[in-house]
Amino acid sequence: MLVLTRRLGETIVIGDDVVIKIVDIHGKQIRIGIEAPSEISVYRGEIYERIMLENKAAAGAAAGDLKSVTDTIKKLIPAKEGDASAV
Amino acid sequence: MELEHPRLGKVKYEPSDVINFPQGLPGFIHLKDYLLINNQDTHPFVWLISVDEPSASFLMVNPLLFCPDYNPTITKRDLTELSINTPQSLLMYSIVTLNASDYAQATANLSGPILINLEQKLGKQLVLLDDRYSTKHRILTA
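First to last, the protein sequences are chains A and B. Taking the working numbering, the leading residue of the first sequence gets 1, the next gets one more, and so forth. Taking the working numbering, the leading residue of the second sequence gets 88, the next gets one more, and so forth.
The hints are simulated quantities; they were obtained by calculation from the structure and are not laboratory data. A portion of the hints provided could be inaccurate.
[To be verified] The list that follows gives simulated cross-link-like pairs (lysine to any residue, SDA-like), each with its CA atoms no further than 25 Å apart:
#, chain 1, residue 1, chain 2, residue 2
1, B, K223, A, G15
2, A, K67, B, I161
3, A, K21, B, N125
4, A, K67, B, P131
5, A, K56, A, S41
6, A, K74, B, H117
7, B, K119, A, A36
8, B, K223, A, T5
9, A, K56, B, V98
10, B, K223, A, A63
11, A, K21, B, L213
12, B, K119, B, Q192
13, A, K74, A, Y48
14, A, K56, B, N125
15, B, K119, A, A63
16, A, K74, B, Y157
17, B, K119, B, L205
18, A, K74, B, K163
19, B, K163, A, I40
20, A, K56, B, D139
21, A, K21, A, K56
22, B, K223, A, G9
23, B, K163, A, G15
24, B, K208, A, G45
25, B, K119, B, K208
26, B, K119, B, I171
27, A, K56, B, L213
28, B, K208, B, H117
29, A, K67, A, Y48
30, A, K75, B, I161
31, B, K223, A, S38
32, B, K223, A, G45
[Said to hold, decoys possible] Partial chain B-side listing against chain A, Cβ under 10 Å, derived:
#, residue
33, S103
34, V105
35, I106
36, N107
37, G114
38, H117
39, F132
40, I182
Values in this document were obtained by computation on a predicted structure and should not be read as measured data. Every residue gets a Cβ at the ideal spot worked out from N, C-alpha and C, and that includes glycine.
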């Protein structure tokens, strides 16, 4: 991993069109500004990780036999029946 | 066309039914093409199944059914990616994680909503930048 030291207001440029700027430093928190073209996604690492794990758990849980999945859903539905047409 | 789904059996579809997720889903970035299946048996839950790997299936539900105030931030970049101008014409779902032994524990991922532009057959899972919503929101409140 490339490690650089930056001061407040300084930037890092990645490739031709990604600019990362140190906007504010406050104790252990650093605010970072990111300019990037729209085809490049910017995520918070820990949230991306959480969603990745949850997607895998969801795909695994839905892989039970269809009847038990459907039965499980059916038990969930009655409470919400009045709203069902909203989907 | 037809695919063999491990749970749903044979699923017939037209090439025009395929919804493209250009970036895939986190954890499944190699799978870009999905079918949205609205099955009477599971209504209001719908299936999102990968065309290339049908065992990669996700149950989804409209989060507004159990979380009426749900209001994730959808950015201009998201809309551009979905090739749409206003979020109103998008379908929004949350992926559901079932707990087969205790259905009351079923959760929905409100931190990573699925948005679908049905007209353009484009989809995207957002990775919300804020912490307002959990990946494990209980569908049934105790």
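Verification of the supplied hints:
Our distance criterion of 25 Å between C-alpha atoms is broken by K223(B) and G15(A), whose separation comes to about 37 Å. The hinted pair formed by K67(A) and I161(B) fails the criterion: a straight-line CA distance of about 35 Å is larger than 25 Å. With a CA separation close to 45 Å, the supplied pair K21(A) and N125(B) exceeds the 25 Å bound. A C-alpha spacing of about 16 Å is found between K67(A) and P131(B), which places the hinted pair at or below 25 Å, so the restraint holds.
For the hint pairing K56(A) with S41(A), the CA-to-CA distance comes to about 21 Å; that is within 25 Å, so the pair holds. A C-alpha spacing of about 32 Å is found between K74(A) and H117(B), which places the hinted pair above 25 Å, so the restraint is violated. For the suggested pair K119(B) and A36(A), the alpha carbons sit about 23 Å apart, so the restraint of at most 25 Å is met. The straight-line distance between the Cα atoms of K223(B) and T5(A) is roughly 37 Å, outside the 25 Å bound, and the hint therefore fails.
The suggested pairing of K56(A) with V98(B) holds, with an alpha-carbon distance near 23 Å, which does not exceed 25 Å. Distance restraint check for K223(B) and A63(A): the Cα-Cα separation of roughly 18 Å lies within the 25 Å cut-off, and the hinted pair is therefore satisfied. Distance hint between K21(A) and L213(B) is fulfilled; the C-alpha atoms sit about 24 Å from each other, no more than 25 Å. This hinted pair does not check out: K119(B) and Q192(B) have alpha carbons roughly 29 Å apart, beyond 25 Å.
With a C-alpha separation of about 31 Å, the suggested pairing of K74(A) with Y48(A) is violated against the 25 Å cut-off. Annotation: proposed proximity of K56(A) to N125(B) holds, straight-line Cα distance about 22 Å (limit 25 Å). Under the criterion of a C-alpha separation no larger than 25 Å, the hint pairing K119(B) with A63(A) is consistent with the structure, at around 19 Å. Under the criterion of a C-alpha separation no larger than 25 Å, the hint pairing K74(A) with Y157(B) is consistent with the structure, at around 23 Å.
A threshold of 25 Å between alpha carbons decides the hint, and for K119(B) with L205(B) the separation of about 15 Å falls inside it, so the pair holds. At roughly 37 Å between alpha-carbon atoms, K74(A) and K163(B) are farther apart than 25 Å, so this suggested pair is violated. The straight-line distance between the Cα atoms of K163(B) and I40(A) is roughly 13 Å, inside the 25 Å bound, and the hint therefore holds. The suggested pairing of K56(A) with D139(B) holds, with an alpha-carbon distance near 17 Å, which does not exceed 25 Å.
The suggested pairing of K21(A) with K56(A) is violated, with an alpha-carbon distance near 34 Å, which exceeds 25 Å. Between the alpha carbons of K223(B) and G9(A) the distance comes to roughly 38 Å, so the proposed pair goes past 25 Å and is violated. Distance restraint check for K163(B) and G15(A): the Cα-Cα separation of roughly 23 Å lies within the 25 Å cut-off, and the hinted pair is therefore satisfied. With a C-alpha separation of about 28 Å, the suggested pair K208(B) and G45(A) falls outside the 25 Å cut-off, and the hint is violated.
A hinted pair counts as satisfied when its Cα atoms are at most 25 Å apart, and K119(B) with K208(B) qualifies at roughly 12 Å. A hinted pair counts as satisfied when its Cα atoms are at most 25 Å apart, and K119(B) with I171(B) qualifies at roughly 19 Å. At roughly 16 Å between alpha-carbon atoms, K56(A) and L213(B) fall within 25 Å of each other, so this suggested pair holds. Distance check on the hinted pair: K208(B) and H117(B) sit about 18 Å apart at the alpha-carbon level, within 25 Å; holds.
Using a Cα cut-off of 25 Å, the hinted pair K67(A) and Y48(A) is violated, with the two alpha carbons roughly 32 Å apart. A threshold of 25 Å between alpha carbons decides the hint, and for K75(A) with I161(B) the separation of about 32 Å lies outside it, so the pair is violated. Of the supplied pair hints, the one linking K223(B) and S38(A) is violated, its CA atoms being roughly 29 Å apart against a limit of 25 Å. Of the pairs offered as hints, the one joining K223(B) and G45(A) holds, with about 18 Å between alpha carbons and a cut-off of 25 Å not exceeded.
Of the supplied interface hints, the one on S103(B) is violated, with its beta-carbon coming no nearer than about 22 Å to a beta-carbon of chain A, more than 10 Å. Hint status for V105(B): violated, given a least beta-carbon distance of 19 Å to chain A, over 10 Å. The restraint placing I106(B) at the interface with chain A is violated, with a minimum CB-CB distance near 16 Å, outside the 10 Å limit. A least Cβ separation of about 15 Å between N107(B) and chain A goes past the 10 Å threshold, and the interface hint is therefore violated.
Nearest Cβ of chain A to the Cβ of G114(B): about 4 Å, under the 10 Å cut. The hint holds. Proximity of H117(B) to chain A is violated relative to the hint, the smallest CB-CB distance being about 13 Å (cut-off 10 Å). Checking F132(B) against chain A by beta carbon gives a least distance of about 5 Å; that is within 10 Å, so the hint holds. The criterion of a C-beta within 10 Å of any C-beta in chain A is met by I182(B), whose closest approach is roughly 5 Å, and the hint holds.
Consistency note: the structure conflicts with the earlier hints numbered 1, 2, 3, 6, 8, 12, 13, 18, 21, 22, 24, 29, 30, 31, 33, 34, 35, 36, 38.
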